[in-house]
Every structure is written in C-alpha cells, then in structure tokens.
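Trainee: Following the hints, put chain B in place on chain A, whose structure we already have.
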Amino acid sequence: MDGIHDMGGTQGWGAPTIPADEPVFAEPWEGKAFAYGALSARLSGQNLDAMRHAIDRQHPYDYLVDGYYGRWLACVETMLVDSGVLAPGAVVARARNLRGEDVPEPDEPTLHKPDYQPTAAGSIRQIDGEPRYAVGDRVRTKAHAHAGHTRLPRYTRGHVGTVAEIHPAQVLPDTNAHFIAENAQHVYAVAFDSRELWGDDAEPFTLTIDMYDDYLEPIE
Amino acid sequence: MTAVPRAHDHPDAALRAEALESLLLERGLIDLNVVEGLIGRYENDVGPMNGARVIAKAWTDADYRERLLEDGTAAIGELGYSGPQGEHIEVLENSDKVHNVVVCTLCSCYPWPVLGLPPSWYKDPAYRARIVREPRQVLAEMGLALDDDVEIRVWDSSSEVRYLVLPERPDGTSDMSEEDLAALVTRDAMVGVARVAAP
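As given, the protein sequences belong to chains A and B, one line each in that order. If you use my numbering, the first sequence corresponds to residues 1 to 220, in order. If you use my numbering, the second sequence corresponds to residues 1 to 199, in order.
Each hint can be trusted.
These stretches of chain B come out as covered by chain A in the derived footprint (C-beta under 8 Å, 3 or more residues):
(1) 12 to 20
(2) 28 to 40
(3) 120 to 134
Rather than coming from a laboratory, the hints here were simulated on the basis of the structure. Quantities reported herein were computed from a predicted structural model and do not represent experimental measurements. By construction, the Cβ of each residue, glycine as well, lies at the ideal position given by its N, Cα and C atoms.
Next comes chain A alone, as it looks inside the complex (with noise of 0.2 Å):
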C-alpha cells in the first residue's frame, strides 16, 4: 500500500539530528512496546510481515505523532483486535480505568486467529529452482503495487536496475503478511544509478536495494 510508512525520496523533512548520548528506551513505556512487538506475532499467531503491515496501516497522522515506539505499541494493540485476543476499544478502556475515570470495558471477544503456520523458522527458505536472473541482468521493477503489504518502495517501481547480488530465497512479505501463501522465491540486489531514479541532476551514486522476484520484469 502507498502509505506514510513508505517514506524514501519524501522531501521536506530538514535535516537528522544525532543527539549525543541516547538511551535505548528513552522512557519505561517505549522498553515496553518494544517487548510486546517482539512477542507479538506469537501473541496474535500471526508473523513479522503481518506485524509490519499493521504499521503500514496505522493512520498516517497516527504514525507521525506517536514515533517510532508508539507505532509498535499501536501495531501489537492491531494484531491482537484482529486475532480476537482483545476487543475493539479494550486497551483504550483500560488506559481510562487506569487514570481513573470508571468506563464500561468490553467482554472477551472470541478469538480468531489466522489459519497459519510458517514451514519454519524466520523468513529465509531453501527452494527448489534457478533464480530467473543473474548477476549482471538488467531488470525492470514493476510499476505499480497492491494494496496490500508490500516491500517495492515507490520511489524504486517502474525502473531500470542491474542485479548486483543474489540472496537467499525468503518468504514474499506480499503473501505471508496476508497469510495467503509464503511463496518463498529467489531475491536479488538490485542497483540503481541515481540518475534513473533522480533525474539529470541528481548527486551520482548508488542505490541498492533487495527486490523479490516477484517485483521484477525482464528488459526484453
């Protein structure tokens, strides 16, 4: 899906800033989001593609303000509504209970996990079959993506690139966050000129980035 999430090339953001000393959690909450997003996709039955699609979908305004930590912690409250572990509104009836006030929380809804379970561990996979390029190809991205979850960034559909590297095979994060299929297949490196995505006047450079057999098309 074309979201806020899918940021690269975006401009008007200024410049980063590195703040000198920085803890890994800057407040207990976000250590906390952090450990349920890392036990989510157990959690919920679900997986890391889905869990990245979850703040995919977040609201765009949603994801600006709450940053990074409160995106995982929206993201878990996601999958576990969908999955039937807790009912819509129940965190925020809780959070209101929490602070006091004394508000109605929802029954326990019935839980509906997706019919799922992965061939194995992680995301990597050994297939059977040659990878359809090689080192040296020229390959075309595909110009446009679903709506669902997918890993073709906009600013790199619809150009051309050489393919630098062949990876492992892994699972297709297009499929697997929908539950569908893992439709594991060979993925590449793929390297564009700056020129090709930029335009005449872009700084020269590099950009490389891993592409799914499924988001590339031959040059005839």
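Mentor: The following block gives chain B in isolation, referenced to the frame of chain A:
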C-alpha cells in the same frame, strides 16, 4: 486487511502500554519475567559493542576479514552473535574510494545482533526519506564530508537481509590491540554515517 482509523481519545503511550500489559496479564498470556528479560537484553547485552568487536577482529585478522566479507552471518556467529533481525547479515567494506551507507526507508530494519536497536536518527523520517535521494548532502549535514571522488553506495534494507558497514581502520592505530580498537568503533560508523576517528 483494512486500514486502522485515526485514533481519537488517545490516552498517552505510557498509559496504553500499562493497559495492554494488564489485559495480557489478566488473560495469562504473558510472563513478566520474559518481558523484563527482553528489555534488559536489548538495554545491556545486545548493542554496538558487539559489532565493534566484529570490526576490530576484521582489522587485525586478515583471514577473519575475508570470512566476514564472504559470509557475514557465519563470521559474526563465530563471535557468538545471532538472533532476531540477524538471519542473514552482509558486510559492506568501506575504503578511501567507496563509502557504503545503510537505511531502511519502509520501516527501520537494522542488524540487531551486532548493533542493537536503532538510534532515533536512523528512525527519523528525515534520514529515511533523504539518504536515498541526496546522500552526500545528508552525510555532510550529519558531519561526514566526503570528497567528490568517493563513490557513494546507499543500501535500502527492504528484505530480511541486514547490512553492516566495515569502516576503514584509522591511521596511527597499528600498535593497538583488538580490544582497544573495538573501543574506537562507533555505531554510526557501522551504519555508514561517520568514520572511525583516530585515537
């Protein structure tokens, strides 16, 4: 799956984290020891000091350097570092002619086993958005001015492959031990937004 609507009546994050925890505890779904263990592990045990050991060893042991560049995951595993977000780690070698820098534009993927959790600047929209479009300018803004003849290579971590930069060993360090060298290596140099400074 459907979009998540904008949150109204959004209690602050600390309160929502507490609420989430109390609901999960009530249902017997979590063990607080596990939760605290995870937090402590990433606060104390998994961080850039791990990557710094890898880099210092590569600077002092030519065979290790070769193995590291050939199969990063295995060579990093030799030092005992593996785990989430480290399923396949590739090491990118910087030189006086080539400068590699790493980003994740779509979220903030980062090689946790060697660098720990990402710092705020790595997650900042300014970095995620701009380093893939004007890296020389962004690096200069972050304090790293590269000569015009240095080739810049930007790596966007869009799959489960994670990238670690092997910075250049600074001049004047030929007498230093591996341990002392490791103390020089910074997180920012291993992402590619800084050089390792001479002592």
